[in-house]
Each structure stands twice: as C-alpha cells, then as structure tokens.
Amino acid sequence: MMTPQSEAELADIIAGANGPLCIEGGGTRGIEVPGERLRTGGLSGVTLYEPGALTLVVQAGTPVAEIEALLATENQRLAFEPVDFRSSLGTGGEPTIGGVVATNASGPRRIQGGAARDFLLGVRFVNGRGEVLRNGGRVMKNVTGYDLVKLMAGSHGTLGVLTEVALKVLPRSETEATLAVEEIDLAAGIACLSAALGSPFDVTGAAYDPNAQRAYVRLEGFEASVAYRAKALREQLGRYGAVTEVSGSGELWRGLRDLHDFAGLEGDIWRVSVKPTDAVELIPTLGATRCLCDWGGGLVWALMPEGVDLRQRMTVPGHATLIRSVAGTSVPRHHPESAPLAAISAGLRRQFDPRHILNTGLMG
Amino acid sequence: MEMPSPNVAILARKDELLRQLQRVLPADAIISDVAETRAYECDALTAYKCPPMLAVLPRSTQEVAEVLRICHAMGVPVVPRGAGTSLAGGALPTADCVILGVARMNEVLETDYDNRIIRVQSGRTNLSVSGAVEEEDFFYAPDPSSQLACAIAGNIAMNSGGAHCLKYGVTTNNLLGVTLVMMDGTVVEIGGAHLDAGGLDLLGVICGSEGQLGVVTEATLRILRKPEGARPVLIAFDSNEVAGACVSDIIKAGVLPVAIEFMDRPCIEACEAFAKAGYPMCEALLIVEVEGSEAEITHQLGLITEIARRHNPVELREAGDADEAARIWLGRKSAFGAMGQINDYMCLDGTIPVSALPQVLRRIEEMSAEFGLKVANVFHAGDGNMHPLILFDANKPGDLELCEALGAEILKLCVEVGGCLTGEHGVGIEKRDLMLHQYEAADIEAQLWVKDVFDPKWLLNPAKVFPLSSTESRRTVCLAAE
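Residue numbers (the numbering used here), protein chains in the order written: chain A, 1 to 364; chain B, 1001 to 1482.
Derived by calculation from the structure, the hints in this document are not laboratory data.
Accuracy of the hints is not assured; some may be wrong.
[Stated by the list, open to error] Each computed BS3-like pair below joins lysine-lysine, with the alpha-carbon atoms no more than 25 Å apart:
#1 B:Lys-1226 x A:Lys-231
#2 B:Lys-1226 x B:Lys-1276
#3 B:Lys-1014 x B:Lys-1457
#4 B:Lys-1226 x B:Lys-1167
#5 B:Lys-1167 x A:Lys-231
#6 B:Lys-1396 x B:Lys-1374
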C-alpha cells in the first residue's frame, strides 16, 4: 500500500509505476481491481474555506466527516448529501471527499439540488502519465475551456487521481420536515412523488419504500416556510392516502441515503438510474428481494439474488451499476455502453492514461 | 483577433462540395450565393466578420449527419451556429468553412410533467422552451439575457448562465441528455430522461465545448415548477466595499436569493438617463430577489433588509406590488440598451470570488482612467460573475484595439484574484489568446486531447477556444493529410 504525502510524491509514484494501480480514497467501496494499492489519505487538509462565497477547497484525501464538521461551524453543508456505503456494503475505512467526487456519490437531495458533479468547481489531479493537471477553479461560474471538472467527477479514478477539489457549499437549512403517505402501492407511490416534485413547494427529498408501502417527501428551510409548505402539501397529497408527519426526519433520510435497510442482508446490491416514472414498470420485472426508490423513482436500489445480471431483466431505458457482489463475479460493475460511446470513453482513457494503469478495467 | 488564413485547396472544391450537399439537402437548405452567405458573416461580436464558403440549414438529425459526413470526407471545416447571439465570436466563420445553422430545428419533441423534462430540437430559443411549458406553470431555469433570441444549441455549446443561476444553476446543471452528431456523421445518444448518465460524464464535457466536439441536435432539459411568487428589494449604498460586504453577509446568513444583481455608479447613471427607473444616485445598487409564497417572501425580505440596515444603506426600497417590482428591475434590464445609447461597448464576463469584489472594482476604475475609456459595471454579485461594459467609439481609429487591450487587462485581473476569464459567454475567439493566463500549457493540452478523441481531424469550429499557436500543429497536420 502506498500513501503519498504530497501531490508531487503522488505524481512521482504514477510516473514511475511499472504496473497497474488500485486507486482508493478511504477504501469504503470495497473495490477490487488488479495492482498495487494507492491511497490518497495522505493528501488531507483544507486549503481554503470562504463561507461568504460558499466556497471550499480541500485536498482529496480529507475525510468527509472532517469537512462536514468544519462546515457545520458556519451553518453550511455539502448540499448533495454524499452517501456513506459502509453499513450497506459491510466495509470499513473512512469516506474521503476525493472518493465522493470520483464516484459522484450523491444522496436524496440530488433530485432537487443536483449531484456532486453539480457542486464541483475545480479539480487538480495526476493523470496516468504522471502529469499534474488542473481544470475549473474556485468560482461559481466558469466556462473557460472544456469542463474537465465534470469529466473527472464520476470517472472512478480511471482518468487521473484527484489531489484537490473545489466545491460549492450551501447554507444548512434552519429546519426540516418529512411527510409520509401511508399504505400506498408502487404506482400510486411514484405518482405521489411526481405530484410533490411538480408542486411549487421545493421538495428536497422524494423516496418510496415498497416494503413499507410508504412514500416520503422532505421539506427544508426556515421554520415558518416549512410549516406553510408542509400544510399545503398535506392537502395536495391527501388524495393518495393518509398523510402523517414523520418524527426524526434527519435520521430517516440518513437511513434512506445510506441504505440501512439493506445492511446485513444477503445478495447483490444494484443501483439503477431510470426515468422516475419508469420505476413502476421496472421494479416488478426485477424479481428483487428488496427495493428502495429515491429521487422520485429515478434511483432504484435493488437487492438481487447473487450472480443475477439485473440488466438482462431491465425493460426500460437507463443504466445499472453493481455496487456489492460476491467476489469474482463475471457480471461487470458498470453498465456496458453503446458502441460509439464506449469508443469515446476508451479514447479518453487512452489519452489520460495511455499505459492503462489507473483502476484498470473498473469502468470498461 | 487573428484567424487562420483560408485553405485554398478547400475553396477550390466549393462546387464539388455544393453538388454533394445538394444530394442530401433540399435546395432551400443550402446558401451558396456570396451575397446571401453574408447573413452568416458574424454573430453578436460584430467587430469581426467573414462570410463562410457555404451555409446549410438542415431540418433533422439525419440531415445534420449527412452534411457532417460529407464535410468530414472532404476535409471541410464546419462552424455550428445556434441563433448567432454569441458575444465571444463562437459562431464566427472562416472563409473556407461551412456554417451549420440549427435554427430550423425548433420543434418541441416531448413534454413530460410527471418526470419534469422537456425534449426539444436544439434550434429552439431559450425563452420558447419556457413558453412551451408555461400553461402548466413550469419553466426552464437558465435565463441568459439574450433568451428571447438565443438557441438551446448555443446555450449548451457555451454552458450559458443568467441572472437566476445563483439558485437554479447554469445550463450544465439543467441538461439531462443530448443527441449529438459527431464530425464523421455518427449519431450518439448521451444521457436522457434519467438523472445520471452511465459511464464517464460525457454530457458534462460536451456542455460548454463551444461546438468543437459535435453538433447537438436534440436536448432533454429539466423543467421546474414555478414558485408561487417572487419579489425584489433595491438597496443603495455609498460605497462598493459596503455593498460587497452586504452581499457576503446575506449569503452567510443562510438566505439563498434567486438573484443578487449589482450596479456601480457609471451604470446607474446611464440606466437612469435611459430608462428613468427612479434609481437613487449612489455608488452601488443591489437588487435582491427572493421567491416563494407571500409569507415566505416577506420573511426572507425581512432577513435581508435587517442585514442591509446593518450596513447603513442610503436607501432601501421594497416592492409593494408588481408595478413597483417591475420598476426596480426596469433599470437593470435596460442596462445594455442604455450603454448602447451612449456608445459602442464591449461586454466582458470574467468571474471573481465575491470577496475580491471591492478590490477588483477599485482596480477597474484605475485602469479605466489609465486607458481613457469609461467602464460601467453591472453583474451577478451572488456568484461573482462580473459584466464590465467598456465604452468605445468604433468609428474612431484605434479605439477598438484600445478597448480590447483594456478588456484583456480586466480579465487578467479576474484570474489574478482567483477567478476566471469567462463565467457564461464562453471563450470563442474573444478570450482565446488569454487562455494561457488561466491555464498552464499542460492543462490546455489535456483539453486538446478531448477534442482529439471526438474530432480527430480537427474540423469542428477549429479556430476557437484555444490559442491558435497551441492548436496549429493539429489543424495543419489534418489539412495536409487531405
């Protein structure tokens, strides 16, 4: 295991590498690719935090928990709610911001506020040639040249190893409330979420739990505003079923975000991205042991029997990622791309990592 | 601004190209008459003009693919064009290029309120996307000030922003999918109605690539339900520093207005003379707009005015009704027209960290005196996106060059304080030669790799975005190969 303590050291390691490298942030994803392990944990610390400009620049190996604690002192937060996979995957380690960005790991608020990639303002990284590169910056609006910032978000370490990221942060809301619509089936549940998201009441979370037959809608903001919107939504959603207000809203959404219900259950965990209303057609065809819908139905988590390729059962457009599987499975982790897109992706990987040493084979 | 000289070998094959294009396009979709091609000689950066060799106006993805396939095979450069409203020269032709205009592709293909998306052809104008969903009380959020005329294709190419992106984000945050035609004619679908595209974020890199990676013919856009209401407040200060501090305090307090607009004295004076909005004469004006229900608006404005009062404003004016709200916005919305009345002007869009605002405004004032050209500032303060308007006289010899030189100095200043050259207009030809002030040569090279993958022959809008010297070998090697 190599844990470089500086960007320069990291660049030297990559430039001098003779074989593949397995790139890790905090190692919470349980990724198995060939090669020597290279951890970014040594690159840790806050470079700049300007609350009045909603800007945070941190080194990639900085623990997410540290960042969240810092932001809390100024009543701010990472608005995309990074997912913590440790309980559902049964892994250890400490989530790092670099890992979050590299996997574009976004939680429930993604449906309203955007994903990690939408809050990423700038990156520094070392590519597979061992060169230190920079793109974007620290300002909110930047269209200077190509947006490699987005390309790096969600590239799973295959184009380069992140060393520093600049993020837009947002104010923490004064309060939050969650409405639950009880005893509601899948079709009505998703319709209910569509209605809530299509309302003017700024819903920041919209999930459906098929197991509990319950739909959840979250509101955040100033106390009086949340109370007003909760009342208005209650009336509007009443036609779908009995509406109650959930106590412990924060804990509920952490559980939904981190998939607490899947913890300890046997099977493969899949993450499926579809058009929200397509969840209604998708879920019954999967034969899943357990499902959970977030993002108004646009994100379906499915617990499947081990070794089953969920993609073969998909009858709607979208894509599926295998998040947790038995060791040595032949099912690819990432959704195969169409031939022209696969050619573009392979071309980009060839440019940024010509020796094909960074997380080799992870994305294709 | 220098442009590469046209390739005579390509010009010599104009007739052959025309014959081939006539096989795949109806006659009215091809403009080859020299006088008529002049309609495409420039975009909104009117200081630079050059009629293209030909212009084509396809009506479908299929036709776009045919055109590109032919140009690719013959080695002819193609400059894609939305509505031609680029302020950066993004659609400026070269004499040996084909202009590919998407203006005739303006249909709405699908609206889906349950999934909050609209799919349109890319030639549709920005405002008419919102217009198509207005009856259901929905809207498309990015609102560049040219929204009446500008096309979604250009918005995607430049990753356009607008006054309201503090809350709603820019184009890239509201784009879910595209149909992209590659230079060799291959049609690819990227993203779609689902939220996250699988694989690498190709959608993210296509948005803002200034028409250099492919031609977007269709787009899936996120639409949002309109808020119940919106209302602005106008706050006047006797110093830029204090106004800047007020902006920062509003943001820190946890209120997230949809817009915070900032105007300095030269801008206030010009707008007042032009639009007579009744603005107080002061050093700095803020217009802050919030959204929500009546009670929510009152609550947020209460917080904002409380913060503003701590900074001793010269005046604080809340809009009592729709009429007063319109008056508050009137001067701001006529800022560009007001400048046009006084003189020719060049509008920049460098972005800075909000904290650097007072320092940058002071320095711009000094530079304005040094160059002897007036500069008015109006900008989106919440996200640091400046809009310095440099006034000059196009009929006075040397004035344009002087204006460009001052513009370059202002943009370098933006980079020095931690900002960037362009926040929403794009690089085009205007800021192309300043790119090395923001990026190291290696950072530029990494961007060129991306174009190498999408357009290996370097035929799509090749003379834009990057300094010509950085791209010369790629452009000439490809020409020599023909």
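Going through the hints against the structure:
1. B:Lys-1226 x A:Lys-231: The hint holds at about 19 Å.
2. B:Lys-1226 x B:Lys-1276: Given that 25 Å is the threshold and the Cα spacing comes to 30 Å, the pair is violated.
3. B:Lys-1014 x B:Lys-1457: Satisfied, since the Cα-Cα distance of roughly 19 Å is no more than 25 Å.
4. B:Lys-1226 x B:Lys-1167: With a Cα-Cα distance of about 13 Å, the restraint between B:Lys-1226 and B:Lys-1167 holds, given a limit of 25 Å.
5. B:Lys-1167 x A:Lys-231: holds (24 Å)
6. B:Lys-1396 x B:Lys-1374: Within the cut-off at roughly 15 Å; holds.
This entry does not satisfy hint 2, going by the numbered hints stated previously; all others are met.
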